[in-house]
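Chains A, B, C and D supply the protein sequences, listed in that same order.
First residue of the first sequence: 1, per the numbering used here; consecutive thereafter.
First residue of the second sequence: 1, per the numbering used here; consecutive thereafter.
First residue of the third sequence: 1, per the numbering used here; consecutive thereafter.
First residue of the fourth sequence: 1, per the numbering used here; consecutive thereafter.
Just so you know, the hints here were simulated from the structure itself, not pulled from any lab data.
Some hints here could point you the wrong way.
It does not matter which identical chain is used: a pair holds within one copy or between any two.
With a Cα cut of at most 30 angstroms, we get these calculated DSS-like pairs of lysine-lysine [stated by the list, open to error]:
1) Lys182 <-> Lys97
2) Lys7 <-> Lys147
3) Lys271 <-> Lys147
4) Lys206 <-> Lys196
5) Lys280 <-> Lys182
6) Lys260 <-> Lys310
7) Lys323 <-> Lys310
8) Lys323 <-> Lys73
9) Lys97 <-> Lys206
10) Lys7 <-> Lys146
11) Lys310 <-> Lys196
12) Lys260 <-> Lys45
13) Lys7 <-> Lys280
14) Lys180 <-> Lys147
15) Lys206 <-> Lys45
16) Lys97 <-> Lys260
17) Lys203 <-> Lys146
18) Lys73 <-> Lys7
19) Lys197 <-> Lys7
Note that the coordinates shown come from a computational prediction; the quantities given were computed from them, not determined experimentally.
Number of protein chains: 4
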Amino acid sequence: MSCSTGKNIVVTIFGQSHSQAIGAVIDGVPSGIEIDEAAIADFMKRRTAKDGLSTARHEADWVNIVSGIVDGKTCGAPICGIIENGDINSSDYDGYKTLPRPSHSDFAAFYKHNGFNDIRGGGNSSGRMTAALCFAGAVCIQLLEKKGIFIGAHASSIHNIDDESFDSADITANVLNGIKAKEYPVISDDALEKMKKAIAEAKADKDSVGGVIECAVIGLEAGTGEPIFDGIENKISSAVFAIPAIKGIEFGSGFGGSSKYGSENNDDFIKRDGRIITAKNDHGGVLGGMASGMPVIFRCAVKPVPSIEKVQHSVDLISGEEKEITIGGRHDPCIVLRAVPCVEAAAAIAVADIVF
Amino acid sequence: MSCSTGKNIVVTIFGQSHSQAIGAVIDGVPSGIEIDEAAIADFMKRRTAKDGLSTARHEADWVNIVSGIVDGKTCGAPICGIIENGDINSSDYDGYKTLPRPSHSDFAAFYKHNGFNDIRGGGNSSGRMTAALCFAGAVCIQLLEKKGIFIGAHASSIHNIDDESFDSADITANVLNGIKAKEYPVISDDALEKMKKAIAEAKADKDSVGGVIECAVIGLEAGTGEPIFDGIENKISSAVFAIPAIKGIEFGSGFGGSSKYGSENNDDFIKRDGRIITAKNDHGGVLGGMASGMPVIFRCAVKPVPSIEKVQHSVDLISGEEKEITIGGRHDPCIVLRAVPCVEAAAAIAVADIVF
Amino acid sequence: MSCSTGKNIVVTIFGQSHSQAIGAVIDGVPSGIEIDEAAIADFMKRRTAKDGLSTARHEADWVNIVSGIVDGKTCGAPICGIIENGDINSSDYDGYKTLPRPSHSDFAAFYKHNGFNDIRGGGNSSGRMTAALCFAGAVCIQLLEKKGIFIGAHASSIHNIDDESFDSADITANVLNGIKAKEYPVISDDALEKMKKAIAEAKADKDSVGGVIECAVIGLEAGTGEPIFDGIENKISSAVFAIPAIKGIEFGSGFGGSSKYGSENNDDFIKRDGRIITAKNDHGGVLGGMASGMPVIFRCAVKPVPSIEKVQHSVDLISGEEKEITIGGRHDPCIVLRAVPCVEAAAAIAVADIVF
Amino acid sequence: MSCSTGKNIVVTIFGQSHSQAIGAVIDGVPSGIEIDEAAIADFMKRRTAKDGLSTARHEADWVNIVSGIVDGKTCGAPICGIIENGDINSSDYDGYKTLPRPSHSDFAAFYKHNGFNDIRGGGNSSGRMTAALCFAGAVCIQLLEKKGIFIGAHASSIHNIDDESFDSADITANVLNGIKAKEYPVISDDALEKMKKAIAEAKADKDSVGGVIECAVIGLEAGTGEPIFDGIENKISSAVFAIPAIKGIEFGSGFGGSSKYGSENNDDFIKRDGRIITAKNDHGGVLGGMASGMPVIFRCAVKPVPSIEKVQHSVDLISGEEKEITIGGRHDPCIVLRAVPCVEAAAAIAVADIVF
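One chain only, chain A, in its complex shape (with noise of 0.2 angstroms):
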């Protein structure tokens, strides 16, 4: 099922970055739920290019939605998103059928289908189906703001440049709809300013930077998931990684933890206010795949964009004659900007399959 996951939740997604239409079907959402329309427009839009910062291709990203929602309220059948995918200039991609971009998919994809893979754009392992997971994430964080659990991510670094840190062990609704209201998901302004100018001058320099992705999930109760297979660390990593840009995830402490002594590393239980909490989170909210009502906390690099307009290396597949490759088209030089809400949709996907 290599476009479909969960198993409550069900979320299936279809299309290629230039196909007539791209969208997700989401099955298993319960009747009688609101969905505010205006809200997923909004959740889309922050995944959109701005300013600059990002690719010149201009994606609206509008959602239509065909099925499952009756007089504003889902009725329990399947709710289909469909976006259609305007502004294409598939003769960018003409050049790249046999001669794999670097560190693109394209190589493996030729391999996989023999050569009738979906050249144009990237086909269905674009960045652009991330458009998709959004739409399918935007659902699934209305209903579980429902079930009060909210999700929220920042840039926690690009390139060299850091951003503040999420006070692992106190993070509220508030503190995440914070940094949604601001026009880039950056806790710090000074950080901002400098990733700014870093993405800046690698575009100026025809090269791009990735960056580093913090997320967190507040209003989990404790004994929420599974252990083995289908924890939360296993489900939401299973999502994080069908971003393409996404290399690597981490949970509390991850891999700073683990040159740590135990006794640091530990969580102690405390008392607070009548509840049992831990008092620092180095587990990020997750004790043998469960939650542990504290905040789930996960960190994820980004790569760099593959797509650069320096002169590279490939080989032509059908010649096999080893060839320059320059890179045109309209690309983001940092799409970690745009990353964070995709991250927040994943991590949405794989939760609501666990609480509902």
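Start from chain A and add chains B, C and D according to the hints.
For chains B, C and D alone, kept in the frame of chain A given last:
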């Protein structure tokens, strides 16, 4: 399906740390494949405690294969292997029923199961379950080897001591076998000595240490895998988080790559000996969820063992009283070395599901 | 996964009878397969209402394929086909919101969804959804034909009039195509005339009739399928019950065979033209869940259409009052003929999942 | 997943007729539920051969539950039950390795597995596997009873002798228990005597007989289930075909209903004692895949046992030679009575997956 994973090769793990037995069922294995039970036993032994570096509990982990194999060959029926739980001292755990051990699953499991969870030895969330995972992985490893796919890992760090890294662009079965032939899965003998010392010191201090495991999967043909939800990264990460101590995973340049420029991180294609490869392997062998044909390389973070003999703090789940807790029993000061075959097993289960 | 089925070829159906659109996503289709859209349109037409025998609602059922096909060939991405719901008169259903139609899904759907179900046209439980099923089936049929597997069905009875049966041990693609080429899928022209008369009489009497559909799948290699839970019978039966009117299914001698002696019902193996076959086919082409290589033969019971214009009795779900109910709108007096391609489609979806 | 079924309650069956053991793993069972092992043993006994009516092979079918239960209650971990295969005489099957028994799975299994299938006792396709099915079903039955859902069946016909039918609109737990308390699951004592005679005659004639089993599921709340692919009919039919001898299934009026008029077959809603029910139950308790709240009623066709001692004809799969075959060993002349609890078990597995 919390205890099952996979679509083509379906692995189901059952048991608790102190139940009569644990085991695994492996369904979907093609018929007519020779299974080397001695090799399975050898693999299980790699997970077993050794000479003071690990827990004093003696776990022979002999697997009784009760179905699926006739005259040494798979017959197409599910393979079920059963491991008796001997050498159990459940009374060690009497005290923890309502006093959760810090950074253990006890707390979450209590709420998930309204107190009906099996607290003995950590129940179904115990590291003990990785014995069943290793059995399933050992079978999958044999299946994969028939297809020329080999998996091997090493402790790339313990606490603050680093082992040498794999040469990510050039790993052979010989390299992997060489590490397996060593007493401990560490490339550098010098690093191993320092690691042993760090572990001994932690133990002497009633503390514990964690580390990082680096794993390679070689022999995957370009195009193996899927985009979006069922890619190599999705499936390996999901499987690896079945190991209780894992808190992070990264592929290729991973988190390090997120601060590089695209021009540094991208892997040019070149032609070498008639094959198209990449000169370096920052993409970790995975492009768009699919294999590039280069070694699949990932690293995962192993948290320090939460069971330490130091005084810690907890809260009684019934009385609500804050209490001191000291964990007795027999516990590893470091499970990184033992977790190395577990990571290989998890990767094998994920990869077998992809290639069969 | 109520609206998805399959493991290798995953079909997801979305929409409601009166939503903006319905459709299907077909995932797992190998790349490079030519898809004949005209053949899909022809297949859809077979399900469409005809000349007074069926409903007056005009359903063009043109499928807009928005993804998965490039230059007439599959590209490996999911195929999504969308069918707009035109010619809708939802006001017909205003009265049924709380007054459930006898033997319709309204009653159950109301309780399942606490009244939030889409009552218009039967919502997600409507026979209308079989248009999406037929689209998915039409694609699967084309995939199967590439492997030499052909599927065809006919109305083996309507009301109390029997068509001729298939010669279960000897069915060819020509036989199946011959039936498809006819205006109605009935082997005997004489039987068809009587069936038409029975339908017309039922209509005149504001009543409806049902029937039985016999379906054959030919070309499956011996050994195709699985024992226990995923056998050919399990999967075909599960798929066929997705058609709302189906209330029974039998393979081979089926219910009739249950009163035979083993010596009568058993099918001896014989050698014919170098192939091992069975002389007769009481086993219906399935042994232990797996194909024997003989035609897979099954029959399914189609209940008479529950929408009839006669006065019936119901109870208002809110007031609890017993009331008379007369169903207006445009309804088929018999859907057996239109259900024939639906049964083929369901079988194709099940079989495609088995053989791919 | 040929040997697993379910989404919420996942049942995995392993073993072969003559492997060391067979068994089942039941995952997803909520914690804190009391499991009555004596009741499981009683259920298993109902499947066991009795007094000359069935096979001479003595199958004690004692289930060793090795995990998932602590102090008599479920702990949330998967329940694994293991049944040793004693009293095996595999040499009986030496002759069938390449000479397939008519209407057995041997032929198909040989081709599926290129001859590596376990021929002994029918391997993984054997009726023996229903012991594991019954164990899983017995557990599910206990889970369902806690929710007020009861399942019971009887032999509604053997050969050409009919038992009385259930009163489909009015079945109580008492009625079902009354049948279970009898030595054989037949309502009419008179019918039973005739059935015994028919079985004895078939046995004397080295022949076998089949029959029909009628099963009821009571206590499902209206609205339970799903439309389209995961309805009650889809899931029960899929589960019941896991029993090797089943060749057909019908719900409610089933095949008989297909020749009725809509006005006859439709079930009016009425109010009785404050509840909305249907006066009769031709819909078999299922409307649009969902429960109506009336008893779910289905009948399934059991083919006559294919193992008969009469001379039959087969073809050697290696030499291609046509040969006579006479089946020795110890075989039932009729398995309908023993299959009654198997059908209940299959239904329980399907229904438990729906309601949990």
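For each hint, the structure was consulted:
1. In the homo-oligomer, the alpha carbons of lysine 182 and lysine 97 never lie at most 30 angstroms apart, since the shortest distance is 40 angstroms inside one protomer and 45 angstroms across protomers.
2. Taking the shortest alpha-carbon separations for lysine 7 and lysine 147, both the intra-copy value of 19 angstroms and the inter-copy value of 23 angstroms come in at or below 30 angstroms.
3. Proximity of lysine 271 to lysine 147 under the C-alpha cut-off of 30 angstroms is restricted to the intra-copy arrangement: shortest distance 24 angstroms within a copy versus 37 angstroms between copies.
4. With identical chains, the CA atoms of lysine 206 and lysine 196 are at most 30 angstroms apart within one copy only, with a shortest distance of 15 angstroms there and 48 angstroms across copies.
5. Taking identical chains as interchangeable, the C-alpha atoms of lysine 280 and lysine 182 lie at most 30 angstroms apart only when both belong to the same chain, with a minimum of 27 angstroms there against 39 angstroms between chains.
6. In the homo-oligomer, the alpha carbons of lysine 260 and lysine 310 lie at most 30 angstroms apart only across protomers (15 angstroms), although the nearest pairing inside one protomer, at 41 angstroms, exceeds that limit.
7. Taking CA atoms no more than 30 angstroms apart as the test, lysine 323 paired with lysine 310 passes inside one copy only; the shortest distance there is 14 angstroms, against 61 angstroms between copies.
8. In the homo-oligomer, the alpha carbons of lysine 323 and lysine 73 lie at most 30 angstroms apart only across protomers (29 angstroms), although the nearest pairing inside one protomer, at 55 angstroms, exceeds that limit.
9. In the homo-oligomer, the alpha carbons of lysine 97 and lysine 206 lie at most 30 angstroms apart inside one protomer (23 angstroms), although the nearest pairing across protomers, at 60 angstroms, exceeds that limit.
10. When the C-alpha separation of lysine 7 and lysine 146 is checked against a cutoff of 30 angstroms, the pair qualifies both within a copy, at 20 angstroms, and between copies, at 25 angstroms.
11. With identical chains, the CA atoms of lysine 310 and lysine 196 are at most 30 angstroms apart within one copy only, with a shortest distance of 20 angstroms there and 47 angstroms across copies.
12. Only between protomers do lysine 260 and lysine 45 lie at most 30 angstroms apart by alpha-carbon distance; the minimum there is 28 angstroms, versus 40 angstroms within a single protomer.
13. Taking the shortest Cα distances, lysine 7 and lysine 280 never come within 30 angstroms of each other, neither inside one copy (32 angstroms) nor across copies (36 angstroms).
14. For a Cα distance limit of 30 angstroms, the shortest separation of lysine 180 from lysine 147 inside one copy, 20 angstroms, qualifies, whereas the shortest one across copies, 45 angstroms, does not.
15. For the identical chains of this complex, lysine 206 and lysine 45 are intra-copy neighbours only, at 26 angstroms inside a copy versus 53 angstroms across copies, given an alpha-carbon limit of 30 angstroms.
16. In the homo-oligomer, the alpha carbons of lysine 97 and lysine 260 lie at most 30 angstroms apart only across protomers (27 angstroms), although the nearest pairing inside one protomer, at 48 angstroms, exceeds that limit.
17. Taking the shortest Cα distances, lysine 203 and lysine 146 never come within 30 angstroms of each other, neither inside one copy (41 angstroms) nor across copies (47 angstroms).
18. In the homo-oligomer, the alpha carbons of lysine 73 and lysine 7 lie at most 30 angstroms apart both inside one protomer (22 angstroms) and across protomers (27 angstroms), since each shortest distance falls under that limit.
19. In the homo-oligomer, the alpha carbons of lysine 197 and lysine 7 never lie at most 30 angstroms apart, since the shortest distance is 43 angstroms inside one protomer and 46 angstroms across protomers.
Violation of the numbered hints given earlier is confined to hints 1, 13, 17 and 19; the remaining hints are satisfied by the structure.
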